[in-house]
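Undergrad: What follows is the residue order along each chain.
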Amino acid sequence: MRRYNLRINETDHAIDVEELARDTFTVHLEDGRLVDVVLTDHQDLAQAVIAPQLEIGQPRPAAATPMVRDLSPAPAATPPPARRPATGRAAGGKSVTAPMPGVVLSVEVSVGASVQRGQTLLVLEAMKMKNELKAERDGVVASIPASAGDQVKHGDVLLEFES
Amino acid sequence: MSPDTLAQLLQGITNITWQSVVMMLIGGLLILLAVVKEYEPLLLVPIGAGAILTNLPLSPLVGEDGMLSILYNMGVGNELFPLLIFIGIGALTDFGPLLENPKMVLLGAAGQFGIFLTLILALLLGFDRNEAASIGIIGAIDGPTSIYVSGILAPHLVGPITVAAYSYMALVPLIMPPVMRLLTTKAERSIKMPYTQREISKRTRILFPIIVTVAVGIAVPFATPLIGMLMLGNLMRESKVVERLTHASANELANVVTLFLGLAIGSTMGGEAFLQLGTLAILGIGLLAFFLDTATGVLFGKLMNVFSGGKFNPLIGAAGISAFPMAARVVQKEASREDFSNFILMHAMGANAAGQVASVIAGGVLLALMGAG
Numbered sequence: 001m002r003r004y005n006l007r008i009n010e011t012d013h014a015i016d017v018e019e020l021a022r023d024t025f026t027v028h029l030e031d032g033r034l035v036d037v038v039l040t041d042h043q044d045l046a047q048a049v050i051a052p053q054l055e056i057g058q059p060r061p062a063a064a065t066p067m068v069r070d071l072s073p074a075p076a077a078t079p080p081p082a083r084r085p086a087t088g089r090a091a092g093g094k095s096v097t098a099p100m101p102g103v104v105l106s107v108e109v110s111v112g113a114s115v116q117r118g119q120t121l122l123v124l125e126a127m128k129m130k131n132e133l134k135a136e137r138d139g140v141v142a143s144i145p146a147s148a149g150d151q152v153k154h155g156d157v158l159l160e161f162e163s
Numbered sequence: 001m002s003p004d005t006l007a008q009l010l011q012g013i014t015n016i017t018w019q020s021v022v023m024m025l026i027g028g029l030l031i032l033l034a035v036v037k038e039y040e041p042l043l044l045v046p047i048g049a050g051a052i053l054t055n056l057p058l059s060p061l062v063g064e065d066g067m068l069s070i071l072y073n074m075g076v077g078n079e080l081f082p083l084l085i086f087i088g089i090g091a092l093t094d095f096g097p098l099l100e101n102p103k104m105v106l107l108g109a110a111g112q113f114g115i116f117l118t119l120i121l122a123l124l125l126g127f128d129r130n131e132a133a134s135i136g137i138i139g140a141i142d143g144p145t146s147i148y149v150s151g152i153l154a155p156h157l158v159g160p161i162t163v164a165a166y167s168y169m170a171l172v173p174l175i176m177p178p179v180m181r182l183l184t185t186k187a188e189r190s191i192k193m194p195y196t197q198r199e200i201s202k203r204t205r206i207l208f209p210i211i212v213t214v215a216v217g218i219a220v221p222f223a224t225p226l227i228g229m230l231m232l233g234n235l236m237r238e239s240k241v242v243e244r245l246t247h248a249s250a251n252e253l254a255n256v257v258t259l260f261l262g263l264a265i266g267s268t269m270g271g272e273a274f275l276q277l278g279t280l281a282i283l284g285i286g287l288l289a290f291f292l293d294t295a296t297g298v299l300f301g302k303l304m305n306v307f308s309g310g311k312f313n314p315l316i317g318a319a320g321i322s323a324f325p326m327a328a329r330v331v332q333k334e335a336s337r338e339d340f341s342n343f344i345l346m347h348a349m350g351a352n353a354a355g356q357v358a359s360v361i362a363g364g365v366l367l368a369l370m371g372a373g
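Quick note, the sequences are listed as chains P and Y, same order. Under the numbering used here, think of the first position of the first sequence as 1, with each following residue one higher. Under the numbering used here, think of the first position of the second sequence as 1, with each following residue one higher.
Errors might be hidden in some of the hints.
What the hints assert, rightly or not - Think about it this way: if two alpha-carbon atoms lie no more than 20 Å apart in a straight line, the pair counts; the simulated EDC-like pairs of lysine to aspartate or glutamate are:
hint, chain 1, residue 1, chain 2, residue 2
1, P, K130, Y, E38
2, P, K134, Y, E338
3, P, K128, Y, E100
4, Y, K311, P, D23
5, P, K153, P, D41
6, Y, K311, P, D16
7, P, K153, Y, D94
8, P, K153, Y, E38
9, Y, K202, Y, E100
10, P, K128, Y, E64
11, P, K130, Y, D339
12, P, K134, Y, E100
13, P, K130, Y, E338
The hints are simulated quantities; they were obtained by calculation from the structure and are not laboratory data.
Generate coordinates for the entire structure from the input sequences, incorporating the hints supplied.
TA: What follows is the structure, encoded as structure tokens:
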């Protein structure tokens, strides 16, 4: 999930975009509505660079970022690199999110631990079934916002990797 | 001591028949499976015990005032017990994943084709119409539905049909995966599906059981008892105002009735009636029904994959067979076996809940086709 803070005519708005697949998104509007969006096509039109260049590490991309730029399925062609890979949730990404609603049964790693691809990070119980959430990449655990017993929703960030 | 007295004292021994010994061994086997392998222990322990108790020589537990016969007449002969269990199932079932993804209803329907294929096979093997329909209902892969339908159409087959249905249901984690792997490619099993968590309003959740009951009741009157009790349990669950009743239905009531039901089913497993070639045929066809159901479910899933342009994981079709919620878990296990980051559990649960409803409707359709009254 990525939050966009937009200022339109001096009024601030926040829109959350949740990536479900490389071309499917759910946009959370401020009034609580959810809009399913399918990205059918996108292209750069001649000389019309509309995407402001957001620097990596900038804490709040506060400007009006056209989502299409950020969610490009071809990251190589997009100026802000490595911000969020376009292939599915957290595929090798920085954060591990809940693939479905459930309860965190246990956290198997601790902050600072270096994990390898395939290693179990957390156990999430959903529909009375235990699901092991495994690391999709090697990395060092930066933070674990989730703890055992937490009720989580689809898309909630459970664990984040360093860089 | 006259010879008569001696005969009376020894009548327990003299009345042992080879059939009753075999049946006691079968009862022991069911208990063994339940204890060692944990195959549906809640049902197989009482059924096994019932079978042993019934087959002890001159067992006073069966017969006019025998406890097991009383239980049978109280709740299996007249279909009360399976219906009471359905209240509990409804109270335990979360239709949320189905409401989030209503197209899963199609898979629930597809998972029932095995019933009719099995029925045809049983007819070919020489069972009469009612018997064949009762055997076919094993393909609904839902215990109470099987008991309900066979209890009406062919009461003398309730024993073997129940044993087949519950034993194979316990074996779902072993029966389904080979079929699923045979019919799908690695690429198909690895298809990831986007999942959106939609908030289903309380109103929708409460209206759903009522609307389904009325719609199904009008369309398939024979299914009214089953769907009505299932949805009553669900209505109590979703209304959130009768938590005590919901809790009691899902726990105390379901547990007590399960004990009674198991014992009563076990009491139908008398030696002479059970030990026939027909029973073996039922066990064989029943297993086939599970394979056929899984296969039609997966094949329908493949069809949906074609129509969706390659975005539908056909494994989910296998969850349409009912056997809630085990089938959905097996689907998830197969998917994560291929790719550990693939989570299709919520989709599978939707199909699985649809399969539960579809099984009930299929049972009603079958009763209507057979002209049961």
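Undergrad: Next step is simple, just say for each hint if it's right about the structure.
TA: Here's how the hints hold up against the structure:
1. P:K130 x Y:E38: holds, 19 Å
2. P:K134 x Y:E338: holds, 13 Å
3. P:K128 x Y:E100: holds, 18 Å
4. Y:K311 x P:D23: holds, 12 Å
5. P:K153 x P:D41: Given pair K153 (chain P), D41 (chain P) is violated - Cα atoms ~29 Å apart, limit 20 Å.
6. Y:K311 x P:D16: violated, 25 Å
7. P:K153 x Y:D94: Roughly 16 Å between the alpha carbons, so the hint for K153 (chain P) and D94 (chain Y) holds.
8. P:K153 x Y:E38: violated, 33 Å
9. Y:K202 x Y:E100: holds, 13 Å
10. P:K128 x Y:E64: Violated: K128 (chain P) and E64 (chain Y) sit about 44 Å apart, past 20 Å.
11. P:K130 x Y:D339: holds, 16 Å
12. P:K134 x Y:E100: violated, 26 Å
13. P:K130 x Y:E338: Holds, because 17 Å separates the two Cα atoms, which is no more than 20 Å.
The structure fails hints 5, 6, 8, 10 and 12 (numbered hints given earlier, in ascending order).
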